[in-house]
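K.L.:
Chain residues, written in single-letter form:
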Amino acid sequence: MQLYIKFFAMHLKSQMQYKLSFFLTALGQFFASFTVLLGVYFMFSRFHEVEGFQFEHVLLCFAAVLMAYSIAEMFGRGFDQFPQMLGNGEFDRALVRPRSVIFQVLAAKMDFTRFGRLFQAILVFCYAIPNSGVIWTWDKVLALLLMVVCGSLIFFALFIVYAGFTFFTVEGLEFMNIFTDGGREFGRYPFSIYGKRILKFLTFVVPLALFQYYPLLYLLDREKNMLYMFTPVIGLLFIIPSCAFFRIGLRKYKSTGS
Amino acid sequence: MKKYSALFRIRFINSLQYRAAALAGLATQFAWGFMEISAFSAFYRANPAAFPMEFSQTVSYIWMQQAFLTLFMMWFWEYDIAASIIEGSIAYEMVRPLDIYNRWFCQITANRLARAALRCAPILIFAFLVPEPYRMTLPPDAAQLFLFLLSVLLALCVVVAFSMLMYISLFYTLSPTGVRLFIAVISDFFAGGIVPLPFFPAPVRAVAEWLPFAAMQNMPLRIYSGNIAGMDAFAGIGLQIFWLAALLAVGRLMMSRALKRVIVQGG
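These protein sequence lines are chains A and B, in that order. The first sequence: position 118 = 118 (the numbering used here), numbered continuously. For any residue, its number in the numbering used here is found by taking its place in the second sequence, counting from 1, and adding 1000.
The hints are simulated quantities; they were obtained by calculation from the structure and are not laboratory data. Note that this is a predicted model, so its numbers are computed, not measured. Glycine included, each C-beta is placed from N, C-alpha and C at the ideal position. Nothing false has been slipped in among the hints.
Over the 10 Å line for every Cβ pair with chain A, so calculated as not near, a few chain B residues:
1) Met1001
2) Tyr1004
3) Trp1077
4) Ser1084
5) Ile1086
6) Glu1087
7) Val1095
8) Arg1096
9) Glu1132
10) Thr1137
11) Pro1139
12) Phe1242
13) Ala1246
14) Leu1259
Computed footprint of chain A on chain B, listed as stretches where at least three residues anywhere in the stretch have a Cβ under 8 Å from a Cβ of chain A:
15) 1023-1031
16) 1034-1041
17) 1046-1060
18) 1179-1192
19) 1196-1210
For each label pair, taking beta carbons as the anchor points, the in silico distance ranges come out as:
20) A/Gln2 - B/Asp1080: 34 to 44 Å
21) B/Ile1010 - A/Arg247: 39 to 49 Å
22) B/Val1250 - A/Ser100: 46 to 56 Å
23) B/Arg1103 - A/Ala244: 46 to 56 Å
Sequences and hints are given; from them, build the entire structure.
P.N.:
Next up, the structure:
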């Protein structure tokens, strides 16, 4: 842990060397998700509600998903860039060091420009939390916290799966983007609006809905059952198969040699 | 002209090499299109009267957008052009008997076309085969299809001419990251990349319809789907020609000024 904090400080310092570039990139990130937000706003100023969700309700899940994703991406960037690491042989060096492989990939890269997105999520929360009509008792606050924390862990697990695939293909696989980038983009609306089948898929196969749709129902008092509040925790089970998958890949690993 | 067509061919063939990447991309784009259409259909169910296009038009719009994504997305970036400016290998380009603006224009156009050529056919076939609410329809008549083809070509040229401005600005700034992302995001948004222009609130839409971004993917996609038809389509193509001419003129002017004062450091 101490070592991780050292890495953290190191990355932070190195990225702060180019301050202007850093802030411009962060600003770009901010605007990238801002146009998505604007799109949501345009849709709701026309339709007012969808599947019984109003603009402020949707903002809650927009911000929760965005925050979860940006936290996962900020720290899990190493897994996102894993194909490059594998391709240029940097990964071989990690294998000979006396630390866990996952830890080293994790510490190899952190990207703080994602702060632009995180900042956006915070702003949206600032608007949505008081305006959503939710009465914020302790259990609601806990549910929201669980959405963000477990959400970022689940996104993180998806990054690990993505990296795991590269053991077999060397190249990065674009189709994983549908769950990572796609999860972020489509997570702007509650997953139920995409239809029952997609909701089921996102509940039982790739558990994105577990930290988005079900706790949102609890927040909005549509479901009183406490179970809905803890669905994000159930979603954490996804980490087990994804880590296992990464390890299977690791066992198969042959160096690219360069 | 011959040398540019040769250049175009080289680039085109070069881009066709990455077939596996294209395949993986396809799966993503199918899924992406499905999700987008599902979202729009939820809004349609919520209030069909407030829907500004016909639903089938929106479906066609989204599938065509996925099929031709690589033609229009502003964030595709030619790293070797940017590198030649930043690292100074532009000096070699300047000695060659080729106009640099034309050369880059060809290169970018060819790369985008090649990527789209690989991707569009499977997506389109798929989009015509999926079950009903998701199925894509043909444009109402052949004339409309012809206008669409013309409009696609113009839109591609507008996109390339616009992105040329970003490359040329590198002569002055040397740092591509932040500003580039920012401009790409803005232009994709106002070109209808996130939400089609008809879904914009009226006052915003009134302005957006006249911006150069409206001459990008917005125009061909809406002409194909039949959302813009008849005289409006001709007016739209007129707008595209106007913006293309304007962007080409500005681009060439900026280029010649930038090249006059370019300093390549030795090494």
